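Line by line, the protein sequences give chains E and Z.
The first sequence begins at 1 in our numbering and counts up one residue at a time.
The second sequence begins at 1001 in our numbering and counts up one residue at a time.
In short, the hints are calculated from the structure, not lab data.
Given the structure is predicted, the values throughout are model-derived calculations rather than measurements.
For glycine and all other residues, C-beta sits at the position ideal for the given N, C-alpha and C.
Among these hints, one or two may not hold up.
Unchecked claim - Derived list of chain E stretches under chain Z, where covered just means 3 residues or more per stretch with a C-beta under 8 Å from a C-beta of chain Z:
# : stretch
1 : 128-142
2 : 185-194
3 : 229-241
What the hints assert, rightly or not - Using 30 Å as the maximum straight-line C-alpha spacing, the simulated DSSO-like pairs for lysine-lysine come out as follows:
#  : chain 1 : residue 1 : chain 2 : residue 2
4  : E       : K264      : E       : K93
5  : E       : K152      : E       : K65
6  : Z       : K1051     : Z       : K1036
7  : Z       : K1174     : E       : K93
8  : E       : K132      : E       : K273
9  : E       : K52       : Z       : K1174
10 : E       : K53       : Z       : K1036
11 : Z       : K1036     : E       : K171
12 : E       : K132      : E       : K152
13 : E       : K273      : E       : K256
14 : Z       : K1174     : E       : K126
15 : E       : K65       : E       : K171
16 : E       : K176      : Z       : K1176
17 : E       : K93       : E       : K44
18 : E       : K52       : E       : K264
19 : E       : K93       : Z       : K1036
20 : Z       : K1174     : E       : K152
21 : E       : K256      : E       : K44
22 : E       : K152      : Z       : K1176
23 : E       : K132      : Z       : K1174
24 : E       : K176      : Z       : K1174
25 : E       : K126      : Z       : K1176
26 : Z       : K1036     : E       : K132
27 : E       : K152      : E       : K176
The chain contents come next:
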Amino acid sequence: MSDPAAAARARERVAEVTQNQKPEIPQEKEPARMREILKIRARKVDFYYGPKKVLQEVSIDIREKQITALIGPSGCGKTTFLRTLNRMYETVKHARAEGELWLDGDNILELELSSLRRRVGMVFQKSNPFPKSIFDNVAYGLRVHGIVRRGKLAERVEQSLRAAVLWDEVKDNLHKPALALSGGQQQRLCIARALAIDPEVLLLDEPCSALDPISTAKIEELLFSLSDRCTQVIVTHNMAQAARVADYTGFFLLGKLVEFSDTKTMFTTPASKETEDYITGRFG
Amino acid sequence: MRWRKTVNALMSGVTAACALAAVAPLVFLLGFLTWKGASSLNLAFFTQLAKPVGETGGGMANAIVGSGQLLLLAAIFGVPLGLLGGIYLSEFGGWTVPFLVRYSADLLASVPSIVIGIFAYAVVVLPMGHFSALAGGFALGVMLLPIVVRNTEEFLRAVPVSLREGAFALGTGKWKTIVSVVVPAGLQGILTGVLLALARVAGETAPLLFTAFSNHYWAQGWSQPVASLPVMIYTYAISPYDDWHRQAWAAGLVLLGLVLLVNVLSRLVLARKMAARRLA
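The following block holds chain E by itself, in its conformation from the complex (with noise of 0.2 Å):
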């Protein structure tokens, strides 16, 4: 600690964790099998990279405005799967998807690109921003989909920071650029960046893994508020998160969805051996 500077950060994070030592989680949510309708639909979904098949007929449905983890232990296709969700598995060559997958009505497989993209937002293992500003960063979605009247992109984009509790941040510094900040608030920043083009379904492939506790609590908190807004689908290695923050778990191994249903049952009864060991920390 001989650098003043992190010392100060680090005071400030002792500041942080006094005054706000739990993550707000709201009580009483409204019971997750009330919410049946299906926002996306896999069955059969099969992977390959090249001849190697790394998913194997996995059928699962996420719900509507849900919060869905898929846990499992690394290697296991829970990233993988995540991305076929996106068809962001295409910027890998010899990587094909076969089976059937729906969004809503629509044929995951078969639309266009920039349209399900759109759609399907995506935040990643290790926050991203762009070197530009926070401004620009927030605003790119909303200018590569057209948007680019002043008045609409400044009142989009102070929506979406908003969302993402980043707002009273950085509202007075929106032109500073965003490799600036710090990494849970880079992380916000790029949950505000897939929020800005309103999406109706936010892919989170381990958006912790690289945070403080802290900052950990902060992005698990905005999550809640997001179910409001979009349905959510979180890769996680973290047991404790999909505890915390889903409403239904999913549990890969070997390529294959072994066990899925609401959170709950999963983590008190799971149905197969597998899934239990995996939880109970017996490997992973």
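Take the given structure of chain E and dock chain Z to it, following the hints.
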């Protein structure tokens, strides 16, 4: 044991001496140029034309401007092509075409500059019927091209994949992503590379000898022969006149000074950029 220590001490001394010897030429060169050339450096050197043989004084204003013109032309010929080529290598293409282009660029970069001069002579000077700034600029542009291509490619490759994915995830098309995210992220490095490449070709003499040729007066236009610092140095240095020799030293000092300045400045900018990236 003693023997080992002796060998260690000896070899550390020998390698240190060799390392010093490796940088010594630059130090001597700078010192020598300053010693010989500084005395002839005055305002007239930068503002006047050469005086006829026998008269003292005069300067190389036309050669300084001429070098500037040639570099501008070289940039016009070499930079846009090089940038787009570098973008192709880094962002598009499968395996075969980029491999061939990359390999050819590396080969082109190692073609002796006099051969590039002959090439420019054949494709520009002969059809035009006379030497010209255009031909000289073309020759320098050809030298610039492979450096800019490879440099652009490298800086674009250094842009993290995560930035591209971030743009793709918002529904951005590939070209739009390249233009609005990837190139801006690598731009500072790319431009620094362009400056370094320009500094590198600024000192080329061989490709100018039979393309831009030289001119004792102000150039009469882009399609006429034009003076340049390197060719001036060559002409003056092999002349039999003491006064011209002094002018050649001064010209050498100016050229080296400019090249060093661009080099040091762009490397400083680049180093700061790299440091910033490490922090991020």
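Check your understanding: Hey, K132 (chain E) versus K273 (chain E), does the alpha-carbon distance stay inside 30 Å?
Key -> violated (49 Å)
Check your understanding: Does the alpha-carbon distance linking K126 (chain E) and K1176 (chain Z) stay inside the 30 Å limit?
Key -> Roughly 22 Å separates the two Cα atoms, so the pair holds.
Exercise for review: Decide if the proposed pair is consistent with the structure: K176 (chain E) and K1174 (chain Z), CA atoms, cutoff 30 Å inclusive.
Suggested key: holds (27 Å)
Review point. Is the straight-line distance between the alpha-carbon of K93 (chain E) and that of K44 (chain E) 30 Å or less?
Key: holds (22 Å)
Practice item. Could you grab the alpha-carbon distance between K152 (chain E) and K65 (chain E) and see if it respects the 30 Å cut-off? Key: Cα-Cα ~26 Å, so holds.
Point to revise | Pair hint K273 (chain E) and K256 (chain E), alpha-carbon separation not exceeding 30 Å | key: Measuring from Cα to Cα gives roughly 15 Å; hence the hint holds.
Review point. CA of K256 (chain E) to CA of K44 (chain E), is that 30 Å or under?
Key: Judged against 30 Å, a Cα distance of about 10 Å means the pair holds.
Check your understanding: Taking 30 Å as the top limit, are the C-alpha atoms of K152 (chain E) and K176 (chain E) close enough?
Key -> Distance of about 20 Å is within 30 Å: holds.
**Study point:** Hint consistency between K1174 (chain Z) and K152 (chain E) [alpha-carbon to alpha-carbon, up to 30 Å]
**Key:** Within the cut-off at roughly 26 Å; holds.
**Study point:** Per-stretch coverage check for the stretch 128-142 of chain E, three Cβ contacts closer than 8 Å to chain Z
**Key:** Result for this restraint: holds, n = 7.
Point to revise | Restraint status (C-alpha distance of K152 (chain E) to K1176 (chain Z) at most 30 Å) | key: Measuring from Cα to Cα gives roughly 22 Å; hence the hint holds.
Check your understanding: Does the structure keep K1174 (chain Z) and K93 (chain E) at a Cα separation of 30 Å or less?
Key -> Status holds; Cα separation ~15 Å.
Violated hints, in rising order: 3, 4, 8, 10, 11, 18, 19 and 26; the structure is consistent with all others.
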